[in-house]
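**Student:** Chain by chain, the residues:
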Amino acid sequence: GAVVSQHPSWVICKSGTSVKIECRSLDFQATTMFWYRQFPKQSLMLMATSNEGSKATYEQGVEKDKFLINHASLTLSTLTVTSAHPEDSSFYICSARGGGVRVTEAFFGQGTRLTVV
Amino acid sequence: GESVGLHLPTLSVQEGDNSIINCAYSNSASDYFIWYKQESGKGPQFIIDIRSNMDKRQGQRVTVLLNKTVKHLSLQIAATQPGDSAVYFCAALAGTALIFGKGTTLSVSS
Chain A
179 GAVVSQHPSW VICKSGTSVK IECRSLDFQA TTMFWYRQFP KQSLMLMATS
229 NEGSKATYEQ GVEKDKFLIN HASLTLSTLT VTSAHPEDSS FYICSARGGG
279 VRVTEAFFGQ GTRLTVV
Chain B
3 GESVGLHLPT LSVQEGDNSI INCAYSNSAS DYFIWYKQES GKGPQFIIDI
53 RSNMDKRQGQ RVTVLLNKTV KHLSLQIAAT QPGDSAVYFC AALAGTALIF
103 GKGTTLSVSS
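For the protein sequence lines, the chains are A and B, in the order given. Quick note: the working numbering has the first sequence finishing at residue 295, numbered continuously throughout. Quick note: the working numbering has the second sequence finishing at residue 112, numbered continuously throughout.
Please note: incorrect hints may appear among the correct ones.
As the list claims (entries may be wrong) - Not the full set, but computed from the structure, chain B residues with beta-carbon under 10 Å of chain A:
hint: 1; residue: Val6
hint: 2; residue: Tyr38
hint: 3; residue: Lys44
hint: 4; residue: Gly45
hint: 5; residue: Gln47
hint: 6; residue: Thr98
hint: 7; residue: Lys104
As the list claims (entries may be wrong) - Heads up, simulated SDA-like pairs for lysine to any residue below, C-alpha to C-alpha not over 20 Å straight-line:
hint: 8; chain 1: B; residue 1: Lys44; chain 2: A; residue 2: Thr256
hint: 9; chain 1: A; residue 1: Lys219; chain 2: B; residue 2: Asn24
hint: 10; chain 1: B; residue 1: Lys44; chain 2: A; residue 2: Ser183
hint: 11; chain 1: A; residue 1: Lys219; chain 2: B; residue 2: Leu10
hint: 12; chain 1: B; residue 1: Lys44; chain 2: A; residue 2: Val181
hint: 13; chain 1: B; residue 1: Lys39; chain 2: A; residue 2: Leu224
hint: 14; chain 1: B; residue 1: Lys39; chain 2: B; residue 2: Lys104
hint: 15; chain 1: B; residue 1: Lys58; chain 2: B; residue 2: Asn69
hint: 16; chain 1: B; residue 1: Lys39; chain 2: B; residue 2: Ala80
hint: 17; chain 1: A; residue 1: Lys219; chain 2: B; residue 2: Ser109
hint: 18; chain 1: B; residue 1: Lys44; chain 2: A; residue 2: Arg291
hint: 19; chain 1: B; residue 1: Lys44; chain 2: A; residue 2: Arg202
As the list claims (entries may be wrong) - Over the 10 Å line for every Cβ pair with chain B, so calculated as not near, a few chain A residues:
hint: 20; residue: His185
hint: 21; residue: Ile190
hint: 22; residue: Ser193
hint: 23; residue: Val197
hint: 24; residue: Phe206
hint: 25; residue: Lys242
hint: 26; residue: Ala250
hint: 27; residue: Leu252
hint: 28; residue: Val294
For the record, the hints were derived by calculation from the structure and aren't laboratory data. By construction, the Cβ of each residue, glycine as well, lies at the ideal position given by its N, Cα and C atoms.
Can you build the whole structure from these sequences, using the hints too?
**Tutor:** Take a look at the structure:
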């Protein structure tokens with residue numbers, strides 16, 4: 179199956195700094211990418227949906243100025259957590275879907291664990 | 003909007019037993035559902051899906067049942083193995099994005 183790669187897998191940063199997480203579709207063109215956030219022992223919460231070349235659509239309650247999403251190419255989307263605080267510590271997961279394929283082809287990355295100290 | 007929930011947060015079974023994990027959804031307009039398996043520290047892994055025009059679908063050792071009348075779906079795992087231990091999520095399609103339920107932790111003991 180298609181592969182979606184996230185980088186880094188794990189990051190620790192100081193409070194107040196910004197962190198960028200990359201999501202790449204390695205062998206297909208991802209017209210739509212989704213970013214999820216998962217707290218320990220909880221479910222995946224959709225943060226935003228991004229389409230290549232356009233602004234991301236954020237879910238209610240997600241601060242777009244804090245979680246900057248860029249989907250500049252068909253193989254790369256980035257999530258930047260700006261001015262990170264300890265409460266932003268979480269597991270961030272991206273999902274990518276190619277144009278014209280079934281939603282089952284929405285492959286997930288392996289996740290990025292962010293710890294803000 | 004859509005909300006998706008699971009009845010039990012944990013399920014413990016013996017190796018070889020059959021496992022049944024349940025899920026309820028709220029939006030009767032949801033027409034596509036997926037079960038995912040998530041191991042610790044990893045992203046979700048697709049298991050099986052079902053569309054609303056079906057009430058049953060079978061895969062390898064797994065079966066998904068959909069009851070649209072009561073907005074309920076279940077995942078059945080036959081001959082559960084230790085490698086099946088993980089958190090299982092159901093997800094429903096809402097617009098273009100998948101909305102995930104809360105998850106059931108399946109523990110399989112030998």
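**Student:** Can the hint on Gly45 of chain B be confirmed by a CB-to-CB distance to chain A that is less than 10 Å?
**Tutor:** holds (4 Å)
**Student:** Under 10 Å, Cβ to Cβ, is where Lys104 of chain B needs to be relative to chain A, so tell me if that hint holds or is violated.
**Tutor:** At about 5 Å, which falls below the 10 Å cut-off, the nearest Cβ of chain A leaves the hint on Lys104 of chain B intact, so it holds.
**Student:** Taking C-beta pairs only, is Lys242 of chain A more than 10 Å away from all of chain B?
**Tutor:** holds (16 Å)
**Student:** Say whether it holds or is violated: Leu252 of chain A keeps its Cβ farther than 10 Å from all Cβ of chain B.
**Tutor:** Per Cβ check, Leu252 of chain A is outside 10 Å of chain B; nearest 17 Å; holds.
**Student:** Just to be careful, I want the Cα atoms of Lys44 of chain B and Ser183 of chain A compared with a cutoff of 20 Å; is the pair within it?
**Tutor:** holds (12 Å)
**Student:** Would you assess whether Ile190 of chain A, listed as outside the interface, keeps its beta-carbon beyond 10 Å of every beta-carbon in chain B?
**Tutor:** holds (15 Å)
**Student:** When you look at the beta carbon of Val294 of chain A, is every beta carbon of chain B farther off than 10 Å?
**Tutor:** Answer for Val294 of chain A: holds, closest chain B Cβ roughly 18 Å.
**Student:** Does the closest beta carbon of chain A sit nearer than 10 Å to the beta carbon of Gln47 of chain B?
**Tutor:** holds (7 Å)
**Student:** Sort out whether Leu10 of chain B lies within 20 Å of Lys219 of chain A, counting only the CA atoms.
**Tutor:** holds (13 Å)
**Student:** Decide if the proposed pair is consistent with the structure: Lys58 of chain B and Asn69 of chain B, CA atoms, cutoff 20 Å inclusive.
**Tutor:** holds (9 Å)
**Student:** With d taken as the least Cβ-Cβ distance between Phe206 of chain A and chain B, does d exceed 10 Å?
**Tutor:** Label holds. Min Cβ-Cβ 15 Å, cutoff 10 Å.
**Student:** Next item in the hint list is Val6 of chain B. Is there a CB on chain A closer than 10 Å to its CB?
**Tutor:** holds (8 Å)
The structure agrees with every numbered hint stated previously.
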